[in-house]
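Peer 1: For reference, the chains in residue letters:
Protein chains: 2
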Amino acid sequence: MDGSFEPIERAPAYTRVYRAIEEKISDGSLKDGAHLPIEADLCAQFGVTRSTVREGLRLLEQTGLIVRGPAKKFFIKRPAAADIAAAASKSFALGGVTFSEVFDALATLYPEAARLAARRLSPEKIADLKKVRTTLALVADENHEATVDSAVAFFQQIAKGLDNRVMLAMLQSLNLMIGESLRHVIARTPKAKDRILSAQKKLVEAFEARDGDLAAEWMRKHISDLKRGYDVAEVDLDEAIL
Amino acid sequence: MDGSFEPIERAPAYTRVYRAIEEKISDGSLKDGAHLPIEADLCAQFGVTRSTVREGLRLLEQTGLIVRGPAKKFFIKRPAAADIAAAASKSFALGGVTFSEVFDALATLYPEAARLAARRLSPEKIADLKKVRTTLALVADENHEATVDSAVAFFQQIAKGLDNRVMLAMLQSLNLMIGESLRHVIARTPKAKDRILSAQKKLVEAFEARDGDLAAEWMRKHISDLKRGYDVAEVDLDEAIL
DNA sequence: ATAATCGTGTTGTCCGACAATAGCAATATG
DNA sequence: CATATTGCTATTGTCGGACAACACGATTAT
Numbered sequence: 002m003d004g005s006f007e008p009i010e011r012a013p014a015y016t017r018v019y020r021a022i023e024e025k026i027s028d029g030s031l032k033d034g035a036h037l038p039i040e041a042d043l044c045a046q047f048g049v050t051r052s053t054v055r056e057g058l059r060l061l062e063q064t065g066l067i068v069r070g071p072a073k074k075f076f077i078k079r080p081a082a083a084d085i086a087a088a089a090s091k092s093f094a095l096g097g098v099t100f101s102e103v104f105d106a107l108a109t110l111y112p113e114a115a116r117l118a119a120r121r122l123s124p125e126k127i128a129d130l131k132k133v134r135t136t137l138a139l140v141a142d143e144n145h146e147a148t149v150d151s152a153v154a155f156f157q158q159i160a161k162g163l164d165n166r167v168m169l170a171m172l173q174s175l176n177l178m179i180g181e182s183l184r185h186v187i188a189r190t191p192k193a194k195d196r197i198l199s200a201q202k203k204l205v206e207a208f209e210a211r212d213g214d215l216a217a218e219w220m221r222k223h224i225s226d227l228k229r230g231y232d233v234a235e236v237d238l239d240e241a242i243l
Numbered sequence: 002m003d004g005s006f007e008p009i010e011r012a013p014a015y016t017r018v019y020r021a022i023e024e025k026i027s028d029g030s031l032k033d034g035a036h037l038p039i040e041a042d043l044c045a046q047f048g049v050t051r052s053t054v055r056e057g058l059r060l061l062e063q064t065g066l067i068v069r070g071p072a073k074k075f076f077i078k079r080p081a082a083a084d085i086a087a088a089a090s091k092s093f094a095l096g097g098v099t100f101s102e103v104f105d106a107l108a109t110l111y112p113e114a115a116r117l118a119a120r121r122l123s124p125e126k127i128a129d130l131k132k133v134r135t136t137l138a139l140v141a142d143e144n145h146e147a148t149v150d151s152a153v154a155f156f157q158q159i160a161k162g163l164d165n166r167v168m169l170a171m172l173q174s175l176n177l178m179i180g181e182s183l184r185h186v187i188a189r190t191p192k193a194k195d196r197i198l199s200a201q202k203k204l205v206e207a208f209e210a211r212d213g214d215l216a217a218e219w220m221r222k223h224i225s226d227l228k229r230g231y232d233v234a235e236v237d238l239d240e241a242i243l
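Heads up: the sequence lines are chains U and X, in that order.
With the working numbering applied, the first sequence has no gaps in its numbers, which climb one by one up to 243 at the end.
With the working numbering applied, the second sequence has no gaps in its numbers, which climb one by one up to 243 at the end.
Since the hints were derived computationally from the structure, they do not count as laboratory data.
It is possible that some hints are incorrect.
Where chains are identical, the list cannot tell them apart; a pair therefore holds if satisfied intra-copy or between any two copies.
Cross-link-like lysine-lysine pairs, in silico, DSS-like; alpha carbons within 25 Å at most [claimed, not checked]: (1) 25 with 91; (2) 126 with 202; (3) 203 with 222; (4) 32 with 91; (5) 222 with 131; (6) 91 with 78; (7) 32 with 73; (8) 228 with 161; (9) 161 with 91; (10) 131 with 192; (11) 126 with 222.
Modelling step: build the complete structure from the supplied sequences, incorporating the hints.
Peer 2: This is how it looks when you write it as structure tokens:
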């Protein structure tokens with residue numbers, strides 16, 4: 002033996018608490034929906050004090066692996082696409098990404114998503130899309146809130162229909178990032194509702210015809226139309242989305 | 002006045018510590034790279050105890066908004082694409098996404114990324130790509146480690162060249178998710194290195210010719226070739242990537 | 001039977017103390 | 001004089017215990 006030693010594992014106890022629990026979640030010992038033991042038990046099991054356990058819990062909490070149930074108890078929750086999307090879009094915002102970066106991604110991803118959707122969307126999902134569109138048709142022209150909600154919901158439905166959690170999360174995070182600003186923009190865009198409605202119509206038609214190329218093409222147009230709204234509203238696309 | 006009251010803000014103190022600091026980061030009061038005050042000062046400023054402050058810090062830490070500098074001090078760090086990618090891919094893994102979902106996303110995103118790259122990649126970036134390829138050419142056929150590293154590095158370079166942090170993060174998270182498994186797969190794929198090399202060659206040529214369609218097409222082939230490796234290695238694509 | 005009350009288990013917060021570290025200054029050693 | 005060692009100090013990591021706040025369920029009162 003060479004008499005040398007491995008560097009001893011020297012991480013703060015709270016990170017080890019965090020990792021230990023994360024480990025048990027990922028290997029399935031702690032199943033989705035199971036209750037986490039109470040803090041006192043965790044203390045006993047890990048042999049540390051509550052302060053330490055609680056710091057570890059905060060790490061888990063922020064990661065989204067545990068959520069509060071009734072009575073403030075924690076239970077295990079494997080992150081869903083929506084969680085990942087929310088966390089990612091928040092980080093992007095804090096990281097200072099710009100509108101043009103988001104639109105760039107939007108213009109790249111969504112047409113392909115639409116192409117896939119034409120192939121994969123179940124008839125029920127297409128029906129849902131139509132429903133979203135009908136809802137939009139019924140709202141007043143000046144009701145910008147509802148207009149934006151419908152426009153985003155339409156995107157959301159397409160994303161959901163892909164039956165792929167990875168893509169869903171990515172598309173959703175894009176939705177979240179434009180959603181807020183779109184509210185301000187649409188209010189300044191003339192005939193926004195009509196434009197959105199007609200794009201949605203073409204898209205639904207393409208989906209029903211299972212025509213991926215067509216769907217991609219209309220999606221492209223739809224997005225660049227939305228983007229044009231930002232120009233009209235004189236939003237600086239190089240500005241951070243905040 | 003209507004005599005009714007707003008529900009009072011009733012969140013645990015540690016989350017308010019978290020939000021207060023996050024707020025100061027996002028509005029720029031705490032600039033990137035600035036040191037966070039020491040815990041004792043934070044206690045004084047917020048009027049809470051260290052335990053509480055520390056729980057708030059753990060939330061920030063996990064979000065990636067603060068990182069440890071020398072002497073364990075924290076300093077502010079706005080999340081970069083790499084951080085977001087790492088967090089997202091970890092969450093995806095914990096959420097149990099499958100290989101086929103990842104490949105699906107890969108096959109959808111990367112060809113379009115390649116198309117963009119053909120337009121945007123600077124001559125320097127293209128030169129870097131060539132360098133990655135040359136490195137790969139020099140490694141031994143049996144050196145699967147290095148082969149995978151190069152293959153992933155090639156993807157990485159393309160992603161970086163898009164000059165878009167949103168897309169970079171998304172593509173990088175995909176890289177992270179396949180990277181690990183690719184290691185096992187490539188070892189079982191005959192002539193993997195040669196196949197990768199020739200795909201990279203075609204891609205570089207397409208980039209140099211600024212031919213987006215061609216780049217997208219070769220990327221498509223490259224990815225489905227990689228995917229085929231999983232079939233050969235008899236990996237169940239409906240398995241979680243873990 | 002419904003509402004008010006009480007108990008109990010658990011989380012949220014506080015306090016105070018001390019160990020473990022990292023960085024730096026002071027000191028010893030050659 | 002230069003370098004290695006030691007000690008000092010500021011700060012973080014962990015501890016232990018205490019109590020308030022709160023949610024829930026059981027019990028009692030009306």
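Peer 1: Each hint: holds or not?
Peer 2: Against the structure, the hints:
Taking the closest pair of Cα atoms, residue 25 and residue 91 come within 25 Å of each other only across two copies (15 Å); inside a single copy the shortest separation is 27 Å, beyond that limit. Within a single copy, residue 126 and residue 202 get their C-alpha atoms as close as 15 Å, which meets the 25 Å cut-off; across copies the closest is 41 Å, which misses it. In this homomeric assembly, residue 203 and residue 222 come within 25 Å of each other (Cα to Cα) only inside a single copy, at 10 Å, whereas the closest approach across copies is 31 Å. Only between protomers do residue 32 and residue 91 lie at most 25 Å apart by alpha-carbon distance; the minimum there is 17 Å, versus 27 Å within a single protomer.
Taking CA atoms no more than 25 Å apart as the test, residue 222 paired with residue 131 passes inside one copy only; the shortest distance there is 19 Å, against 35 Å between copies. Taking identical chains as interchangeable, the C-alpha atoms of residue 91 and residue 78 lie at most 25 Å apart whether they share a chain (20 Å) or sit on different chains (14 Å). In this assembly of identical chains, the alpha carbons of residue 32 and residue 73 lie at most 25 Å apart only when taken from the same copy (19 Å versus 35 Å across copies). In the homo-oligomer, the alpha carbons of residue 228 and residue 161 lie at most 25 Å apart both inside one protomer (23 Å) and across protomers (24 Å), since each shortest distance falls under that limit.
Proximity of residue 161 and residue 91 under a CA criterion of 25 Å is satisfied in both settings, with 20 Å inside one chain copy and 21 Å between copies. For a Cα distance limit of 25 Å, the shortest separation of residue 131 from residue 192 inside one copy, 20 Å, qualifies, whereas the shortest one across copies, 49 Å, does not. Proximity of residue 126 to residue 222 under the C-alpha cut-off of 25 Å is restricted to the intra-copy arrangement: shortest distance 22 Å within a copy versus 30 Å between copies.
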